[in-house]
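Asks: These are the residues of each chain, in order.
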Amino acid sequence: MSNLTPIVNDLTEYNIVCMKWGDKYDDSYVEKLKEQCEAHCSVPFNFWCFTEKPEKDYHIRLWNPGPLCHLYDHDHGYFWAYRKAYMFRSHQLEGDTSYFPTNSKILFLDLDVIIHQDLKYFFDLPNDKPWIVRGWWNDPITVKKNYARYKSTVINSSVILWTKGQMIPVWDHVRENAEILFFTYPSLDNYFAHQWYDTYKEEGLLNIFPKGDIYSWYKGNVFPDDMELKKLRTDHKICLFNNSTHVEGVYDDEIKKLW
Amino acid sequence: MVNMVDVPADSFVATALFFNSLSGVNDFDSAKRWKQTFVDIPKEYPHYARSLASATTVAQLESKLWVVNTLENLNIKPKVVAILAGWYSNFLTPLLLENLGVDFVWNFEMDGDVKELSYKFNKKYKDQNKYHVYITDIMFDDLMDKSSKNHLSRCEEKRGPYDIFINTSCEHMWPMSRFRDLNCDLTNDPLYVLQSTDDDRYEDHINCVSSPEELSEQANFTKILYSGTKELDSGMKRFMVIGK
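Chains as they are written, first to last, in the numbering used here: chain E, 523 to 781; chain L, 491 to 734.
Pulled out of the complex, with its shape left as it was, chain E reads as follows:
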């Protein structure tokens, strides 16, 4: 590591990252997320966007092609479903010398989120394990039944918090078993829900954000008591707009109206 240089040269510990890959979301989503973070984070942070087309100073280049790209299968989405896994590496580029400083806390946010409250809350969480979204809006019975391969999973990867190095086991597992994982699990959420979180014991590699932190615009908040859809809950930290039945473009205007 001695010949490597940090992505940031100061001692800033907090990093908010997103990912823009392909053309599903345009640049306005990244810009708006950056604006939201600046408006809702009371501690200094660096904002980064992982992308295969780096153009701005906050862009971090993703491999293109990356080590998993040879497994790309458009019809099944094998590779695309796992592109977020690239973030979990210690380094971001093949042959790159950049890396997050040791002990950096990294908060990943999907591009289609609305931030309501101070993101400092997330950085202050205990860092014994990474944190990820528990879909509290899912009927536990349905989730339990569908834990392995279906769309409605117990885990949602729209918001992930980790300290540098904590997600390397995930990256290593994906890299070493990519072909089988891509074949078996249709999404990163399915993969997390089955391989890294025990639905039965409600424990695993990951901590889950508690009820009241993160809710879903299209799916509700907490089953069964607070399931009203398309309702802003500004006393929560973050609203997710991801939707397993999402048809690209259909809901774009809806989130933009709320920006």
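16 angstroms max Cα-Cα, derived EDC-like pairs, lysine to aspartate or glutamate:
| no. | chain 1 | residue 1 | chain 2 | residue 2 |
| --- | --- | --- | --- | --- |
| 1 | E | K741 | E | E776 |
| 2 | L | K610 | L | D530 |
| 3 | E | K723 | L | D603 |
| 4 | E | K642 | E | E560 |
| 5 | E | K723 | L | E606 |
| 6 | L | K734 | L | E704 |
The set of hints was computed from the structure by calculation and includes no laboratory data.
Owing to the predicted nature of the structure, the values given are computational and were not obtained by experimental measurement.
With chain E's structure known, arrange chain L on it following the hints.
Replies: Positioned in the frame of chain E, the structure of chain L alone reads:
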């Protein structure tokens, strides 16, 4: 009172046929336990009502009888059988033990809730120390991996090596060559009984095949003792191969 909505008629018919299929056994205790399990499911395991009904159909029974009857016709008499991804194994385990004279049946299954339900159906064999459910993901963890090595090694010493691996759910997982690679250091040269289908209408059928030949190829069989196709009561076409 059994709720007919939760336990469809197919399950009742399959259960009746199943008990009628067991060789020389009038097992009223087991029959009563099955009945009570069906009564309990809507209350205690509502999320498993549908899957248990799916596991208890005439078609499911047909496919399991196909396994047992074919082994019998081939004069194959295993002592220790390992069922891979055996689900509740409510049909196959009793058929192997009662009809084929198997001594011990393993069920390697990844669904944690299955254990309790499977033991309800197979209580007799559990109590007789003839049946054991082990929770593991067979496509990622070999049977002698670090986490399970001590337990399974002790069990294997006690029970003897696996004579046959049965997987009637190959359409739900990566090709069986992976399992064979992961477990290439097993202490004997076990036989494999594999079933799959070409029915790709189900979301969790991630690995359908078009023929028994393709199923054999997926398992890297070099010796095939049986290869066949059967249309089940449900209309689903299933393929079965036996080999190594």
